[in-house]
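A.B. asks: Sequence:
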Amino acid sequence: MHSYGVSTARLSRFLVWLLLFSLVVDIGGGFGLKYLVLSIFLFFAIVKLIEERFNRSHFFEASVCVFFSAAALLSVMRGNDISSAFSEVSFVAFVSLLVVGNRVGADFLESNFLRVSLFAAIIVITTFSVIFIFPEVGVAATSFSAENRLGYIGVKAIGGGVPNVYFRWSIWLLLGFSLSLFSKKYSLSMVIFAAAVMTLSIAVIGGAVLIILAYAVIGGGSKYVKVLRIFSIPVLIFLGSLLAIYLFPNMSAEVLSKFSESSSSSSIKMGHIESILSLLANEPSYLIYGQGPGSSFYSTGAGSLVNDVEVSHFNLLRQFGVFGFALYFFYFFYVIAGLLRLGQQGYAWAVGLTVMFIVAGTNPLLLSPIFFVPLMLGRVYCLELIEAKNYERAKSRGSDVDVQWMSIPR
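Under the UniProt record's numbering, think of the first position of the sequence shown as 1, with each following residue one higher.
Hints should not be assumed to be uniformly reliable.
FRET-style restraints, in silico, Cβ to Cβ [what the hints assert, rightly or not]: (1) R115 / Q345: 30 to 38 Å; (2) D107 / R53: 24 to 32 Å; (3) A140 / V322: 44 to 52 Å; (4) E387 / S267: 43 to 51 Å; (5) Q345 / Y186: 13 to 21 Å.
Pairs of lysine-lysine residues, derived as DSSO-like cross-links and limited to a Cα-Cα distance of at most 27 Å, are as follows [what the hints assert, rightly or not]: (6) K184 / K389; (7) K156 / K48; (8) K389 / K48; (9) K34 / K48; (10) K48 / K185.
Hints were generated in silico from the structure; no laboratory data involved. Backbone N, C-alpha and C fix where the C-beta goes; we use that ideal spot for every residue, glycine too.
Please put together the full structure from these sequences, using the hints given.
C.D. replies: Next up, the structure:
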């Protein structure tokens with residue numbers, strides 16, 4: 001087994017933290033920080049990969065990279081825009097987390113993501129509070145967030161006006177909420193949940209509720225505690241919803257409006273879905289190998305040619321066909337299955353990522369670092385925990401182990 005220096009491990013940890021921090025601060029790349037950090041990250045990953053050689057256990061991830069990169073190249077050869085094509089598959093660059101994150105420690109990965117989630121939650125809560133108190137700030141925030149591709153931030157024109165604070169990384173709050181809830185860090189989970197509610201995104205709020213319900217069923221504890229959770233949590237969610245409607249009528253009206261048949265957001269998404277299904281029915285070849293990343297189609301929902309639409313699962317099928325669709329889905333379930341085999345330690349990651357996978361389909365996030373980075377972190381967490389357990393078993397049997405690795409401060 002190769003030697004692994006303490007300094008290399010610390011540098012790897014710093015780069016993982018820096019990558020997550022840069023994605024929260026500059027998710028749209030408008031400040032240049034995201035691309036600078038990613039360049040450094042990829043350079044370090046390449047150097048590390050050359051030193052350590054290819055790990056055969058990463059063959060699946062290599063297949064994902066090759067398939068989607070080849071799909072982008074073929075799409076360009078078929079006449080689609082090169083920038084759009086490779087932008088659609090740029091998420092595969094974050095497979096490098098497997099290389100950089102090697103042997104940083106499972107505990108570090110979880111605690112680090114929790115810190116980033118708390119940082120993100122504070123940003124949401126602070127932004128919401130400032131716009132709520134000073135609505136005029138919302139106008140400047142709208143243009144600033146649009147220019148730098150940070151998300152949708154401003155004031156909604158309903159009632160007296162409600163702050164609209166949806167950063168593009170808002171679904172990261174869901175994984176942070178799951179990790180904090182399952183690890184019984186209830187104070188942290190309440191802060192993250194409050195931030196999730198303040199996004200006013202029905203997908204994010206609904207995802208948080210799903211995580212609570214999952215925790216009620218599979219969270220740790222005695223049988224008595226589990227039964228108490230299963231019966232009490234749904235009641236508390238219902239009572240909490242009624243209290244929220246009473247105390248915050250404007251915010252509640254905005255959230256509930258998403259369920260209305262007249263909701264423009266819902267009608268646009270349904271138009272996207274109908275148009276994609278119609279396209280695949282009329283062009284069976286697209287169903288097999290896809291229309292290609294970077295390609296456009298006419299959507300009745302938008303009433304124009306569109307590319308990156310809010311129904312990501314359907315768009316994945318349209319762009320990459322059944323083979324790309326199956327590969328992406330299978331890889332996702334492969335990661336989740338590995339986490340579930342870890343038992344209680346992996347449940348929090350599995351639940352959080354599964355809910356993120358569902359929610360990402362309601363926005364153009366599935367084929368983006370916003371979803372793929374947490375997915376890769378879950379994969380690395382699984383591998384790190386398995387390696388740590390193998391070490392403990394080898395140590396108990398008195399076998400030779402990599403002392404240098406285990407001497408790294410965990």
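A.B. asks: Against this structure, judge whether each hint is valid.
C.D. replies: Verification of the hints:
{"no.": "1", "hint": "R115 / Q345: 30 to 38 Å", "result": "19 Å, violated"}
{"no.": "2", "hint": "D107 / R53: 24 to 32 Å", "result": "27 Å, holds"}
{"no.": "3", "hint": "A140 / V322: 44 to 52 Å", "result": "46 Å, holds"}
{"no.": "4", "hint": "E387 / S267: 43 to 51 Å", "result": "49 Å, holds"}
{"no.": "5", "hint": "Q345 / Y186: 13 to 21 Å", "result": "18 Å, holds"}
{"no.": "6", "hint": "K184 / K389", "result": "23 Å, holds"}
{"no.": "7", "hint": "K156 / K48", "result": "48 Å, violated"}
{"no.": "8", "hint": "K389 / K48", "result": "24 Å, holds"}
{"no.": "9", "hint": "K34 / K48", "result": "21 Å, holds"}
{"no.": "10", "hint": "K48 / K185", "result": "35 Å, violated"}
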